Each structure stands twice: as structure tokens, then as C-alpha cells.
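Asks: Make a model of the complete structure from these sequences and hints.
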Amino acid sequence: MLDIRNIVILTGAGISAESGIATFRGPGGLWEGHRVEDVCTPEALARNPALVHRFYDERRAALAGVAANPAHDALARLDREWHGELLIVTQNVDDLHERAGAHRLVHMHGELRSALCGACGVRETWTGALPPESECPNCGTCALRPDIVFFGEMPYHMERIEAAIAAADLFVSIGTSGAVYPAAGFVQMADACGADTLELNLERSAGSGLFADSRLGAASVLVPEWVERLLAAQSTQSSPMSR
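According to the numbering used here, the residues represented by the sequence shown are 8 to 250, in order.
Please note that a few of the clues may not be correct.
Unchecked claim - Here are the simulated distance ranges between beta carbons:
| id | residue 1 | residue 2 | range |
| --- | --- | --- | --- |
| 1 | Gly224 | Pro144 | 39 to 47 angstroms |
| 2 | Ala199 | Asp10 | 16 to 24 angstroms |
| 3 | Gly224 | Pro49 | 31 to 39 angstroms |
| 4 | Arg236 | Ala71 | 30 to 38 angstroms |
| 5 | Cys146 | Glu232 | 22 to 30 angstroms |
These are calculated hints, taken from the structure and not from any lab test. Note that the coordinates shown come from a computational prediction; the quantities given were computed from them, not determined experimentally. Just so you know, even glycine gets a beta-carbon here, dropped at the ideal spot from N, CA and C.
Replies: Put into C-alpha cells, the structure is as follows:
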């Protein structure tokens, strides 16, 4: 642990599930009653924009009723106190990491509280409903869409993420299924670059066997415990008595 300086953390739906945000699959999941092809592809947006916009309007509105949990708070603390490089890469489109206070953060799958203009590419903070006829404040066209990476589209910030993983001493995956690429391949990339790898998850994921260490349990318990140990080790390492 004392050799760790640069850290990349990948978070998925499991870290926000404890805040009351539905995961994608399974009973009560976001896809229950919806086919992915109907609400989360470029073709769906072109075919039935009203349905796609309404689906994400409902998810955006639901954010008002949830709050960051101890796992988000712990990662925000790590962001504040970690002396080395740190990048939190979230697959989640909620804003709970930000609400907890994290700054060294990228959303690889987009953000619910953001609108993207399909004509000029401008992004605009958006907190209310986003009807299909909403006008872009930059170019004036009615081409605004949810700023979400649909299936078949390239995730955001890939160059930055890959560079951070290449320089990482530790790669940590929290609350992810290990089934969705390219994020599912990050652990192999980190391992190939010589980083230690750790999984914190409620249950074994599709990629658990690829991690050097896999710990099972609730994120709201595991993440604060891990952050506490990591920061304690950092403090010991930087103490004059340890030199």
C-alpha cells in the first residue's frame, strides 16, 4: 500500500443503488418495461424522440429525491486528501459524486443534468424537462438531446481514462457488473500496465476473477473502510517519524 501514488477508481450503478437510484437490469430496474433498443440508442432517438426524452426526463426528475451515501462521501474525502494523482471514472449519469464533493472525476457515459446539441455539439446544464422541441441556446436549432452515451456510441473521455490507467499504481472497481465494455476491460488494461487491482462489490461480478483482490459487501461499508486505511497509510508514510 505504501508504494501507491496514482489511483484510478471506476464506479458503477452499485454505488448509487444504496441511494435509491435503480440499477439497469432485474426486478425494478430501469429497463423493466422498456427495451434498450427503444430508449437508449441513436435509432430510438430518431424513431421516437418523445419516448426517449420522457424516459430521461423521469430519471432526471428522480434525482431530486436521492442523496449521496457514505460511499460517495468517502471517495470525495479521498479526492480532497489524497496527495497523489486520482481519477474517479464513473459509469453513472447521476450527480451524486459531485454532490458529495468529488472534483477529480469524469462521466464516461454522460450526465442526466446536461443537454447536448446534436447540431453544434454544445453542452448545456439542464435540470428540468427536456422536450424534443427544446431549442439550443447556442445555435437556435431544435436538436437538443439528453447528454447520454447511447449504446453504439463512443464513451466520453477515453483518452484521458486510458492515460490515467497507464500511469496508475492501483485500479479500483466499485459497484460494477463487469459486463459492459469498454469499462469491463479496464482491469485487464491496468494489470497489463503493472497496477495492483481491487474490486469492491456487493456480489461477484463477471470480471471478479481478473482482480488481485475482490471484497464483497455493501459499498457504503466497504468504501469508507478502504479509504480510511488508505489515508492512514499515506499519513504514516508522510510522517517525519517514518523517514
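Asks: For every hint, state whether the structure bears it out.
Replies: Hints and how they fare:
In this structure the hint that Gly224 and Pro144 lie 39 to 47 angstroms apart at CB holds, the actual value being about 45 angstroms. Roughly 18 angstroms separates the CB atoms of Ala199 and Asp10, a value that falls within the hinted 16 to 24 angstroms. For Gly224 and Pro49, the hinted distance range of 31 to 39 angstroms is satisfied, since their beta carbons lie about 38 angstroms from each other. Taking the beta carbon of each, Arg236 and Ala71 are about 34 angstroms apart, inside 30 to 38 angstroms as hinted.
Range check, Cys146 to Glu232: about 49 angstroms between beta-carbon atoms, so the 22 to 30 angstroms window is missed.
In the structure shown, a violation is registered for the earlier hint numbered 5 alone.
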